[in-house]
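Enquirer: Residue-level listing of the chains:
There are 2 protein chains.
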Amino acid sequence: MSQPSLTLSTFLIPAIDRVLANLSHVLAKGEAYAKETGIDPVQLVQARLAPDMMTLAGQVQRASDTAKGAAARLAGIDAPSFADDEQDFAQLQDRIRRTREFIASVDLAKLEGCEGRVISFQAGPYPLTFTGTSYARDFVLPNLHFHATTAYGILRHNGVPVGKLDYLGPIN
Amino acid sequence: MSQPSLTLSTFLIPAIDRVLANLSHVLAKGEAYAKETGIDPVQLVQARLAPDMMTLAGQVQRASDTAKGAAARLAGIDAPSFADDEQDFAQLQDRIRRTREFIASVDLAKLEGCEGRVISFQAGPYPLTFTGTSYARDFVLPNLHFHATTAYGILRHNGVPVGKLDYLGPIN
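Residue numbers (our numbering), protein chains in the order written: chain A, 1 to 172; chain B, 1 to 172.
The following block holds chain A by itself, in its conformation from the complex:
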């Protein structure tokens, strides 16, 4: 029996959106915890797991960049540039909302055949070259989960009552 073949449109794009939706949910629990306990929410937004790691805000910004960059590169279009000036939970939620809106606006027809296309870009000092498939598999998903899980870990380390099911999101 033949199965519908996987494509990055049907595998990667929903996977990315799901990580962002769950990250939004985890951040909402962080904000609620600050309210309940009287902690200044900015203390959570600026928290880090190590002095030379990025803050919670930085983790969300990099997750956003990875997500919108992936949809844009695979479609051969430009991603919107966001200012990295988020300072509270509401602004981080707005960043995630705008990121998801951009991804939802991408014409998936433009991703047709992207699995085998060459994807080249500069990541800081590093010139990187992938196929669409290796970009999704070896760069986008690891990067996105790295930042989303680190955001989760920052909140969890600071007492926010989140569990792995918050990270995984609703199943079925």
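No lab work stands behind these hints, which were simulated from the structure alone.
There may be inaccurate statements among the hints.
Where chains are identical, the list cannot tell them apart; a pair therefore holds if satisfied intra-copy or between any two copies.
Said to hold, decoys possible - Okay, derived cross-link-like pairs now, SDA-like style, lysine to any residue, Cα gap no bigger than 25 Å in a straight line:
1. Lys164 / Ala72
2. Lys164 / Phe130
3. Lys164 / Asp65
4. Lys110 / Asp40
5. Lys35 / Ala123
6. Lys29 / Ala123
7. Lys110 / Gln46
As the structure is a computational prediction, the values presented were derived from the model and not from experiment.
Model the placement of chain B on the given structure of chain A, informed by the hints.
Expert: Chain B only, in chain A's frame:
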């Protein structure tokens, strides 16, 4: 132009193996750091980001379970059961090695058509049902990265000089 279609054999299985290889590399940096600084390595193996989170050893064990469970379920075979008794870096490395060996031993022909197959199992108290594709996308990869990134975060929080490139591994 038609492109070779993606399958879970060619997308998920290498993605899983890559996370495990990079996790092994990050753990090796943790062990080296303990040696250089004179920290008791067991302090790192037993470290947590929060008192009610799993230790570094627990994170590696759950990453291993997620990885071998995925290869086994998609192939319709049983995964080997490991004892969760690792207490030092060498034992954690051995667990990762055995996990990768099992995955490499799985006959990928058995994964043919797994993308559309129903995958049902019990995760603690939760009965879960997926297709092969949604299992890979919504459960396996998020779970695996969650534990691997948390292992990274535990070491990074404890001073181990790892960076995101250690987590992502060699590109190209």
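Enquirer: Which earlier hints turn out false for this structure, listed by number in ascending order?
Expert: 4, 5, 7
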